[in-house]
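Participant: In case you want the letters, here they are:
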Amino acid sequence: MHTNSVTNEFNSSEKKYFDLRNIAWAIFVIASSLIAWNQYGSLMDYYEDTILAGATIGLIWLGMKWRSFQPAAIAVALLSLLAIYTYQMHGDHITANEQAFFLKYLVSSQSAIMWMNALFVLATITYFFALYQKSDFTGKVATSMVWTAAVFGLVGMMVRWRESYIINTDYGHIPVSSLYEVFILFVVITALIYLYYEQKYKTRTLGGFVMLVVSAAVGFILWYTFDKGANVIQPLVPALKSWWMKIHVPANFIGYGSFSIAAMVGLAYLISSKLAQKNPENGFVKRMPSLELMDDLMYKSISLGFAFFTIATVLGAMWAAEAWGGYWSWDPKETWALIVWLNYAAWLHIRMSKGWRGTPMAWWALIGLLVTTFAFLGVNMFLSGLHSYGEL
Amino acid sequence: MTQADISKNPTSNHKKNKVLVDFLGSMNLAVTLLVMLSIASVVGTVLKQDQTTQDYVIKFGPFWSEVFNSLGLFHVYGAAWFVLVLLFLLLSTSVCVTRNTPTFIKDMKQYNEKLSLNALKHQPNHATFDSESNLESEVQRAQNLLKHNGYKTKIHQRDDGSVTVAGLKGRWNRLGYFFTHISIIVICIGALLDSNLLLKYRELTGKLVPETRTVSLDKVPQTAWMGPENLSFRGTVNVPEGQKTDVLFLPYENGYLVQKLPFTVEVKDFRIEYYDTGMPKSFESDLILTAPDLDKPIEKTIAVNHPLYYKNYAIYQSSFGDGGSILNLKVHPLLSPVENAIDLKTAVNKTEPLKTPIGRFNVEINDFRLFNMVPATEAEKAETGKKFHNNGPSIIFKVRNEQGKAWEYDNYMMPNLQEGRWFFMTGVRTMNSEPFRYLFIPADANKEKTRFFKFLALINNPVETNKILTESFPKTDQITDKTYELQIRLMRQLLSLFRSKGFDGISEFVSKNVPKEEQEKVSDYYFSQTSFALQSLYLSVLKKEGRQIGHDQDISDFNKRWFEDALNAFNGLSRFGPPMYFELKSFKQIQSTGLQITKSPGKDVVYFGSAMLIIGVFFLFYMRQKRIWVHIQNKQSGDSTDNQSTEITVAGRDKKHLPETEIEFNALVDQIQQPVKQTD
Ligand code: HEM
Chain Z
1232 MHTNSVTNEF
1242 NSSEKKYFDL
1252 RNIAWAIFVI
1262 ASSLIAWNQY
1272 GSLMDYYEDT
1282 ILAGATIGLI
1292 WLGMKWRSFQ
1302 PAAIAVALLS
1312 LLAIYTYQMH
1322 GDHITANEQA
1332 FFLKYLVSSQ
1342 SAIMWMNALF
1352 VLATITYFFA
1362 LYQKSDFTGK
1372 VATSMVWTAA
1382 VFGLVGMMVR
1392 WRESYIINTD
1402 YGHIPVSSLY
1412 EVFILFVVIT
1422 ALIYLYYEQK
1432 YKTRTLGGFV
1442 MLVVSAAVGF
1452 ILWYTFDKGA
1462 NVIQPLVPAL
1472 KSWWMKIHVP
1482 ANFIGYGSFS
1492 IAAMVGLAYL
1502 ISSKLAQKNP
1512 ENGFVKRMPS
1522 LELMDDLMYK
1532 SISLGFAFFT
1542 IATVLGAMWA
1552 AEAWGGYWSW
1562 DPKETWALIV
1572 WLNYAAWLHI
1582 RMSKGWRGTP
1592 MAWWALIGLL
1602 VTTFAFLGVN
1612 MFLSGLHSYG
1622 EL
Chain X
3 MTQADISKNP
13 TSNHKKNKVL
23 VDFLGSMNLA
33 VTLLVMLSIA
43 SVVGTVLKQD
53 QTTQDYVIKF
63 GPFWSEVFNS
73 LGLFHVYGAA
83 WFVLVLLFLL
93 LSTSVCVTRN
103 TPTFIKDMKQ
113 YNEKLSLNAL
123 KHQPNHATFD
133 SESNLESEVQ
143 RAQNLLKHNG
153 YKTKIHQRDD
163 GSVTVAGLKG
173 RWNRLGYFFT
183 HISIIVICIG
193 ALLDSNLLLK
203 YRELTGKLVP
213 ETRTVSLDKV
223 PQTAWMGPEN
233 LSFRGTVNVP
243 EGQKTDVLFL
253 PYENGYLVQK
263 LPFTVEVKDF
273 RIEYYDTGMP
283 KSFESDLILT
293 APDLDKPIEK
303 TIAVNHPLYY
313 KNYAIYQSSF
323 GDGGSILNLK
333 VHPLLSPVEN
343 AIDLKTAVNK
353 TEPLKTPIGR
363 FNVEINDFRL
373 FNMVPATEAE
383 KAETGKKFHN
393 NGPSIIFKVR
403 NEQGKAWEYD
413 NYMMPNLQEG
423 RWFFMTGVRT
433 MNSEPFRYLF
443 IPADANKEKT
453 RFFKFLALIN
463 NPVETNKILT
473 ESFPKTDQIT
483 DKTYELQIRL
493 MRQLLSLFRS
503 KGFDGISEFV
513 SKNVPKEEQE
523 KVSDYYFSQT
533 SFALQSLYLS
543 VLKKEGRQIG
553 HDQDISDFNK
563 RWFEDALNAF
573 NGLSRFGPPM
583 YFELKSFKQI
593 QSTGLQITKS
603 PGKDVVYFGS
613 AMLIIGVFFL
623 FYMRQKRIWV
633 HIQNKQSGDS
643 TDNQSTEITV
653 AGRDKKHLPE
663 TEIEFNALVD
673 QIQQPVKQTD
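Taken in sequence, the protein lines are chains Z and X. Read left to right, the first sequence gives residues 1232 to 1623 (the working numbering). Read left to right, the second sequence gives residues 3 to 682 (the working numbering).
Treat the hints with care, as some may be off.
Stated by the list, open to error - Below, computed lysine to any residue pairings styled on SDA-like, alpha-carbon distance capped at 20 Å:
id, chain 1, residue 1, chain 2, residue 2
1, X, Lys283, Z, Asn1399
2, X, Lys154, X, Glu138
3, Z, Lys1296, X, Tyr609
4, Z, Lys1585, X, Glu138
5, X, Lys302, Z, Ser1473
6, Z, Lys1433, Z, Ala1538
7, X, Lys246, X, Glu286
8, Z, Lys1477, X, Lys587
9, Z, Lys1477, X, Tyr609
10, X, Lys389, Z, Tyr1396
11, Z, Lys1472, X, Ala305
12, X, Lys388, Z, Thr1400
13, X, Lys383, Z, Val1463
14, X, Lys456, X, Lys587
15, X, Lys389, Z, Lys1517
The set of hints was computed from the structure by calculation and includes no laboratory data.
Assemble the whole structure, with the sequences as input and the hints as a guide.
Facilitator: Take a look at the structure:
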């Protein structure tokens, strides 16, 4: 029964925050930040110092709250260091990614991202297979694939960051500026948020559904890479050289990721409730989490998304004020962010005031994803404006 | 609690007001407004805003563009109904907050410890069980347990001797409600401060008339000027290097307003840096800001994302352009029989009248570009490692004839390497929407255009041509004087046809004037004659340069290629517009920087509201307000009270009823029950 599993979770939720492992984690994060600061501090300005400090605190908190994140983060750190070290051994020439074995097959940003793509697609299939097969083991395999994919994705981003400096110090920037780069950010963040919920609710049956969105995004990344060569590292246009970007974009993608998860849980909900109406004893229905749990999960991820989307929109306004001279210009991207935001605000209010649950909210969450996708992609494709950095 | 409860007796005024307030503060209205705003915003992004009327008529036809226009769909964000929806949202939120404040504050403060046992048993979660411990120790334990679980507690001693320990947790959730909803009001007020309501008001009362012409400042009437009374604005101004400004242009409807500034901005220097890809890397302006109340001028370099803040004002780097670069041009008449280029000293943004034998023209100098970056060829990339290649300075200008027809040109100053040869490029087009068609003028051995213009002048010169042709083709005895005369004349005519219409001109002439069956033969003959003639002229040019002596001597490869390239260029001249070539001899670049200057008193208000909003949202989502009551009473056995054992009722209420609510409640009940079991 689900209630049982959930009970266990909440009984054990009285975790000790300051046990040995967490303290070790905190020390590890602080030490890494200090090393980074020692290395690059002289090149960083006041804002970047603040961001580093904020990232340190954030990582410590995240690792304590979600322990499984710790080994993943360490793996990312080690693999990224391996890549950076290998580049260094090859005289910091970008061509090393074709020569050095490790880089060529594993940890150059391009290879790491390809591994990530492959693993996400495989994980999608494996999740559905596990659902079909009722196999716990297969489910676990799928979960580890998602973890590995996420690690590779993060490594890909870290190494890409370094590569941008290797190609030309002028080009150097954190890889959250082009449509290609943010798509990677999107799949990684969506996967991580999903993994968190998977662990919290102890159910792997939703994995396939969530990974559908991720796989679709992977499809886009592949098309964008092979058809448009979008993976080539380009320098930043002056408007994007802002420290606001470094927090605005990730906050946005926590929002997009959470909304996508809500939509996919909504999809699972709709299928499940439809089948249950026909036959409550349906095998699929029995394997899926309870409708109530899915409804709640939808609410929780929309809340999370809404909170971060609020932050992102505010940061975006502040950035706009600095770059374009006005915090709000009714530029299409801005306006669509507002539309997404208002849409979910309405969702939250209706749920509260009317007490609507289940089917209508699931439909709304699903349609919400269309709105979100348009804000994310459609605006760049169909509407022109000041946010023209991501044109296809 | 927020839904409109329709009052039962709507006759009294009081009740009517209540209905109104209920409606305004209802969540239904709120959601409706949110959805309306979204839809309006969608329209605003899908329909391109603030275009000219003609554009809309072309797109939607006269009928629909009129309908859309009257609905305000072309200026959605300034349309009356849109502002009305916003105001309603503001009103609705205010009413909502006002109405909820008393209850919510109470809710934050109160423990509801006085709820009757019966009421407790009607809470969403409740449980009752017996305990072997006495009342005092149970009270103590219940209080400790609740505190341990993060509840604040309050103990209530009832008249019947029973005790209720009431616990409350997460009351900041309510604070979250206040923060988010008040923040909406704050943000709207900030936005209102920054809106152009004052301008709208002045326009309605007729005191403000935007200027639509492009005229010098002193010709702009007073009705289009704004002074310090304008509390918020956002406008742009272009300032050439070395100059200063104390006005700003505010785009307004289909024209602009001139805003007087309380300070002067001088632009000392403007710089662009490029990446090796040719993309701009940074735009920077060195500014000096002087104001009457400043002891010392402020000097600062601004760049994109790094504005200069002064008091309420912010000065941004927003664009750049030419600030009137000084250009020394040489105008080559292309039909003249002698080389007589004239010098023209001008500057960007100037218009120069030109009187020529073929009519009057106006030359409008539009732009000067110091760099023209184009993708490098593979070979170049391999050689220099750079992905882009700089084609050097160019000027963009229009030549307009008396009828108003204009040709736009893009002339490069320096020769460019194309397939191993150097050419001066000049582009021409007659419509803005077309790309430039380029003519390639071959550079001579000194990388100059000298030979080209010499050659051209020679072709244009009938006397010289005649002389050279007779020298090159001396009369032989086989032909009569008359035939010889005719032959030379034919060559001259062919040359002039070629000169005015190119090779196509010759073909056209043949197809018009020669019987069909002879056309091929004749045109072959004509082309060979033209070619002979041109070669002869070319040889004479070479001879004058002192390079080539006789027919029989080998011509160097370079000179051969040059000849072919020159013919190509002549051929293209026929489609080059008015017969003039503008050569850029030298220049002094003066750039201008596009500054955006804003005064935005509402900005800090909006930021403050935004901070509140973010904090509030987190409180709302991540502080769950939960209440627990532990009611303990001595157990009744028969009609006497048993002081040793107690009956305990635990009740709970979670403001958000989540799946985990019940689980958490049961866990808490377990905790309260546990030691009781141990004593069993
Ligand atoms: C742009 C406008 C608004 C935004 C962004 C907004 C946002 C929110 C959010 C995020 C919540 C929390 C929902 C949850 O916990 O699931 C909330 C709750 C609420 N909102 Fe709004 N809201 C807005 C306008 C309004 C208006 C106009 C009203 C008046 C009817 C209103 C009444 C409420 C009420 C009563 C609650 C419940 C508070 C509680 O019981 O905790 N909101 N709002």
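Participant: Of the hints given before, which are not true for this structure?
Facilitator: Hints 3, 4, 6, 8, 15 are the ones this structure does not satisfy, whereas the remaining hints hold.
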